[in-house]
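S.K.: Chains as they are written, first to last, in the working numbering: chain A, 819 to 929; chain B, 119 to 230.
Just so you know, the hints here were simulated from the structure itself, not pulled from any lab data. In this text the structure is predicted, and so the values were computed from the model without any measurement. Glycine included, C-beta positions come from ideal geometry on N, C-alpha and C. Hints are supplied without guarantee of correctness; some may be wrong.
[Claimed, not checked] Pairwise CB distance ranges, derived in the manner of DEER restraints: (1) B/Ser169 - A/Thr838: 18 to 26 Å; (2) B/Asp120 - A/Asp880: 34 to 42 Å; (3) A/Thr823 - B/Ile172: 42 to 50 Å; (4) A/Ser902 - B/Arg225: 17 to 25 Å; (5) A/Thr838 - B/Asp120: 27 to 35 Å; (6) B/Ser169 - A/Ser902: 37 to 45 Å.
[Unchecked claim] Quick list of in silico lysine to aspartate or glutamate cross-link-like pairs, EDC-like style, CA-CA up to 20 Å: (7) B/Lys217 - A/Glu897; (8) A/Lys875 - B/Glu119; (9) B/Lys155 - B/Glu133; (10) A/Lys875 - B/Asp135; (11) B/Lys121 - B/Asp201; (12) B/Lys186 - B/Asp120; (13) B/Lys155 - A/Asp856; (14) B/Lys217 - A/Glu832; (15) B/Lys185 - B/Glu119; (16) B/Lys217 - A/Asp880; (17) B/Lys217 - B/Glu133.
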Amino acid sequence: DAGITQSPRYKITETGRQVTLMCHQTWSHSYMFWYRQDLGHGLRLIYYSAAADITDKGEVPDGYVVSRSKTENFPLTLESATRSQTSVYFCASSPPTGTYTFGSGTRLTVV
Amino acid sequence: EDKVVQSPLSLVVHEGDTVTLNCSYEVTNFRSLLWYKQEKKAPTFLFMLTSSGIEKKSGRLSSILDKKELFSILNITATQTGDSAVYLCAVELIQGAQKLVFGQGTRLTINP
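If we strip away everything but chain A, and leave its shape as in the complex, we get:
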């Protein structure tokens, strides 16, 4: 199916564990983004990528790592999860000119 998919939809992990959230898009959009959404903060940009092998930090990158070896995939890794990283994570993609399309989100709980 065409679109942007995130996995898993829900994840519970323990403090200190490494967690990877997956994002896959089928449009070959050049731009991909990771946002986190928390009450009172709206959506905040974690990392973005303008093309394969090109990534850059957003507003809140600490504690996160991304990679983009293929245009269609943009995984987000929490190297050592902390409770403050409990959030809903949204991946999005966009062509060079145009609007974002968001994935359905991953609700991550760190206990």
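With chain A's structure known, arrange chain B on it following the hints.
M.R.: Using the frame of chain A, we list chain B on its own:
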């Protein structure tokens, strides 16, 4: 620091009412302003505004941008319970990477 502020943060009205949601911004290198509707899942696109004074309409929803005063409004007329959602305003920056800066959102509740 680039900033987008939405008001009100929360709004409860009765079905059939008209509502106006506000979005003001202070950013460098403005490219466009976007409105999204978020129900239980991902935000879905409503409007993109790039020019002042040109109203965009989609059914009962409309939006306009004022680049001089740095704000936008989203109007919803004859509201329905299905309009209940969080409405997000975002500003796209000209930085070569299409980054969006989001406001906190307005939670709109329509009571029957």
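S.K.: So, for every hint listed, does it hold in this structure?
M.R.: Evaluation of the provided hints:
no.	hint	verdict
1	B/Ser169 - A/Thr838: 18 to 26 Å	42 Å, violated
2	B/Asp120 - A/Asp880: 34 to 42 Å	19 Å, violated
3	A/Thr823 - B/Ile172: 42 to 50 Å	35 Å, violated
4	A/Ser902 - B/Arg225: 17 to 25 Å	23 Å, holds
5	A/Thr838 - B/Asp120: 27 to 35 Å	29 Å, holds
6	B/Ser169 - A/Ser902: 37 to 45 Å	40 Å, holds
7	B/Lys217 - A/Glu897	24 Å, violated
8	A/Lys875 - B/Glu119	16 Å, holds
9	B/Lys155 - B/Glu133	18 Å, holds
10	A/Lys875 - B/Asp135	42 Å, violated
11	B/Lys121 - B/Asp201	26 Å, violated
12	B/Lys186 - B/Asp120	17 Å, holds
13	B/Lys155 - A/Asp856	16 Å, holds
14	B/Lys217 - A/Glu832	31 Å, violated
15	B/Lys185 - B/Glu119	18 Å, holds
16	B/Lys217 - A/Asp880	18 Å, holds
17	B/Lys217 - B/Glu133	35 Å, violated
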